[in-house]
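First to last, the protein sequences are chains A and B.
Under the working numbering, think of the first position of the first sequence as 1, with each following residue one higher.
Under the working numbering, think of the first position of the second sequence as 109, with each following residue one higher.
Simulated from the structure, these hints should not be mistaken for lab results.
All values derive from a computational prediction rather than experimental measurement.
Warning: the hint list may mix true and false statements.
[Claimed, not checked] Partial chain B-side listing against chain A, Cβ under 7 Å, derived:
1. H137
2. G150
3. F153
4. Y156
5. A208
6. G215
[To be verified] Some, not all, of what chain B presents toward chain A, calculated at C-beta under 8 Å:
7. S135
8. G136
9. S139
10. Q149
11. P151
12. A209
13. Q212
14. F214
15. P216
[As the list claims (entries may be wrong)] Some chain B residues well away from chain A (every beta-carbon gap over 10 Å; in silico):
16. G148
17. E152
18. F174
19. T184
20. L199
Each residue gets a CB set at the ideal place from its N, CA and C atoms; glycine is no exception.
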Amino acid sequence: GQNIDQPTEMTATEGAIVQINCTYQTSGFNGLFWYQQHAGEAPTFLSYNVLDGLEEKGRFSSFLSRSKGYSYLLLKELQMKDSASYLCAVSGDYKLSFGAGTTVTVRA
Amino acid sequence: GAGVSQSPRYKVAKRGQDVALRCDPISGHVSLFWYQQALGQGPEFLTYFQNEAQLDKSGLPSDRFFAERPEGSVSTLKIQRTQQEDSAVYLCASSLSAGAADTQYFGPGTRLTVL
Chain A
1 GQNIDQPTEM
11 TATEGAIVQI
21 NCTYQTSGFN
31 GLFWYQQHAG
41 EAPTFLSYNV
51 LDGLEEKGRF
61 SSFLSRSKGY
71 SYLLLKELQM
81 KDSASYLCAV
91 SGDYKLSFGA
101 GTTVTVRA
Chain B
109 GAGVSQSPRY
119 KVAKRGQDVA
129 LRCDPISGHV
139 SLFWYQQALG
149 QGPEFLTYFQ
159 NEAQLDKSGL
169 PSDRFFAERP
179 EGSVSTLKIQ
189 RTQQEDSAVY
199 LCASSLSAGA
209 ADTQYFGPGT
219 RLTVL
């Protein structure tokens, strides 16, 4: 089975940094994805990690530790438009198993 | 280029009605997925197509759910005799190839409300 945990909600101030943690226990692993989803919209791809370490992409970075079953998404220089749900998803064989999502609220 | 599109965006059905949800994947994408997303939850896998072949339908909640992709492009998810518990957002995603590490690109979803 698949078990993917992430916090339900986080709040941060504009310009600050927020780290969203994700822990997983899955029967197979072919990589970990992070998606951003604004209310009523499609999930959009942010990052993919398959090897241990940090992947940096502009204001967003994602980290993976396969031995610990742990990942985080780091959002820097927060902007109001970053208010959204962030989904952690593990690829087992071909389908994605998602966590419930973390709602990030950015306040001025 | 054009992304994944879905229609209708919103569907209201009376309990017991049949509904059909359409997905137009990105042109040339081999893999197509359907997910169900309940309010406040992450998407849950329903079914997977590789071209026209339905390789996995293990996530379909009951035999009232049926999906097809007859020509390997457009897909339709059909729900017969809808029930209130079917109310959710139905997301379609496509990816370029059949690889497990391929990025899946999602459509905006169809929000189904069963009264």
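Query raised in the report: If you check each hint against the structure, which ones fail?
Result: Those not satisfied are hints 1, 7, 8, 16, 17 and 20.
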